[in-house]
Amino acid sequence: MRKWLALVPVAAAVTGGCSQARDESSVETTARNFFGAVTSEDGSRACALLTPRARSALETGGSRCDEEITKLPLEGGEAGPAEIWGEQARIRMGGDTVFLTRWASSWKITAAGCEHRTGEPYDCEVEG
Amino acid sequence: MRRFLRDNGLTLFFLLIMAVALAGQAVAGVLDYNDRAVSQGGHPVSLGRYVTGSQFAVDVAENWQSEYLQFLLFVTVTVWLVQRGSPESKPVGSQGAESDADQQIGVHALPGSPAPARAGGLPALLYGYSLGLTMGVIFLLSWLAQSIAGRAAFNSERLADHRDTLLWTQYLVSPDFWNRTLQNWQSEFLAVASMVVLSVYLRQRGSPESKPVGAPHATGIEG
Chain A
266 MRKWLALVPV AAAVTGGCSQ ARDESSVETT ARNFFGAVTS EDGSRACALL
316 TPRARSALET GGSRCDEEIT KLPLEGGEAG PAEIWGEQAR IRMGGDTVFL
366 TRWASSWKIT AAGCEHRTGE PYDCEVEG
Chain V
49 MRRFLRDNGL TLFFLLIMAV ALAGQAVAGV LDYNDRAVSQ GGHPVSLGRY
99 VTGSQFAVDV AENWQSEYLQ FLLFVTVTVW LVQRGSPESK PVGSQGAESD
149 ADQQIGVHAL PGSPAPARAG GLPALLYGYS LGLTMGVIFL LSWLAQSIAG
199 RAAFNSERLA DHRDTLLWTQ YLVSPDFWNR TLQNWQSEFL AVASMVVLSV
249 YLRQRGSPES KPVGAPHATG IEG
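As you go down the protein sequences, you meet chains A and V in turn. Plus 265 on top of the position in the first sequence (first one is 1) and you've got the working numbering. Plus 48 on top of the position in the second sequence (first one is 1) and you've got the working numbering.
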């Protein structure tokens, strides 16, 4: 019995590690797909990866998300390590920083094209 | 079984209501968390995900650490400080760790005394402080857990606000960590002070935490 009990934290660590690796991979894939869609001018595919609130932020004054998103200077690039805390994540893609939130079993982008500002929230091209 | 329940009723009662309260906290907590998540444009989480997450962990740990600190201070400070007339205090004039005879250690041990107390020396020394040490270790572990889970929850909020995250050492000096810590400490300290002083003048008939109803307020009933 005691031997089995000793395996509980080991199993939890392995499970947690697998879950973390899966999340990191999913975050990177979402960000990569987003920049891929923007650079190939597939606005509707890019907007589908945004949260509803981020999408709405591009739809002010009668403009459409799928049209606006491809006009923004979103280039992306090589993926850096993903940082994940609970339901939130951040990943660097080339010169752009992307923020994501867990959305059921996948991830959606809350902000993209973000630049660092010391002591303040990032300055983002898209955010909601 | 009935005898076991009767002999351990006090412990079992508090463990039971603690479990009920913890379950209630989990349900209320996930509803509150999801309400805020949706209002901030996020997606709700399941109860299972919430109770295994950092927000629930820090909310639990910050309360646990303060409770164990309260009892750590209560069992150690009452060695040296007294309150005349309080049943929570030793009699005035008996401050300190007391003699081996008073504490039934070594040659002064009784037939039913615990083995370390009968052994004397280092075993009795360690055993003589085991209650405070245990409370202290649980307090420190709970506080450590609060700092780790608190940092995770705080960093999640920071990312939701599109801000940089903090290292553990940065979180330890952050307002969030000390606000969570001190708001719990002040309430525990007030509760102890209230219990010590109110029990001088007020009574709860039949309770070991109270003096007998007819006991004088200030004269030699302490302890």
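Calculated from the structure, these hints are not laboratory results. Where a beta carbon is used, it is the ideal one built from N, C-alpha and C, also for glycine. Careful, some of the hints might be misleading.
Pair by pair, the computed Cβ-Cβ distance ranges are [claimed, not checked]:
#  : chain 1 : residue 1 : chain 2 : residue 2 : range
1  : V       : 123       : A       : 385       : 32 to 40 Å
2  : V       : 234       : A       : 345       : 23 to 31 Å
3  : V       : 56        : A       : 287       : 54 to 62 Å
4  : A       : 370       : V       : 87        : 18 to 26 Å
5  : A       : 287       : V       : 220       : 26 to 34 Å
6  : V       : 181       : A       : 287       : 35 to 43 Å
7  : A       : 385       : V       : 175       : 53 to 61 Å
8  : V       : 68        : A       : 327       : 37 to 45 Å
9  : A       : 385       : V       : 128       : 27 to 35 Å
10 : A       : 346       : V       : 185       : 49 to 57 Å
11 : A       : 297       : V       : 60        : 51 to 59 Å
12 : V       : 95        : A       : 329       : 31 to 39 Å
Verification of the supplied hints:
1. For residue 123(V) and residue 385(A), the Cβ-Cβ distance of about 47 Å falls outside the hinted range of 32 to 40 Å, so the restraint is violated.
2. In this structure the supplied range 23 to 31 Å is violated for residue 234(V) paired with residue 345(A), their Cβ-Cβ distance being about 43 Å.
3. At about 45 Å, the CB distance of residue 56(V) to residue 287(A) disagrees with the hint of 54 to 62 Å.
4. One distance hint, 18 to 26 Å for the beta-carbon pair residue 370(A) and residue 87(V), holds here, with the actual separation near 22 Å.
5. Taking the beta carbon of each, residue 287(A) and residue 220(V) are about 30 Å apart, inside 26 to 34 Å as hinted.
6. About 42 Å separates the C-beta atoms of residue 181(V) and residue 287(A), a value consistent with the hinted range of 35 to 43 Å.
7. Hint check: residue 385(A) to residue 175(V), Cβ distance near 56 Å, so the stated range 53 to 61 Å holds.
8. For the pair residue 68(V) and residue 327(A), the supplied restraint of 37 to 45 Å is violated, since their beta-carbon distance comes to about 54 Å.
9. In this structure the hint that residue 385(A) and residue 128(V) lie 27 to 35 Å apart at CB is violated, the actual value being about 50 Å.
10. At about 36 Å, the CB distance of residue 346(A) to residue 185(V) disagrees with the hint of 49 to 57 Å.
11. The hint said 51 to 59 Å for the Cβ distance between residue 297(A) and residue 60(V), and at roughly 55 Å that hint holds.
12. Taking 31 to 39 Å as the suggested C-beta distance range, the pair residue 95(V) and residue 329(A) conforms, at roughly 38 Å.
Checked against the numbered hints given earlier, the structure breaks hints 1, 2, 3, 8, 9 and 10 and satisfies all the rest.
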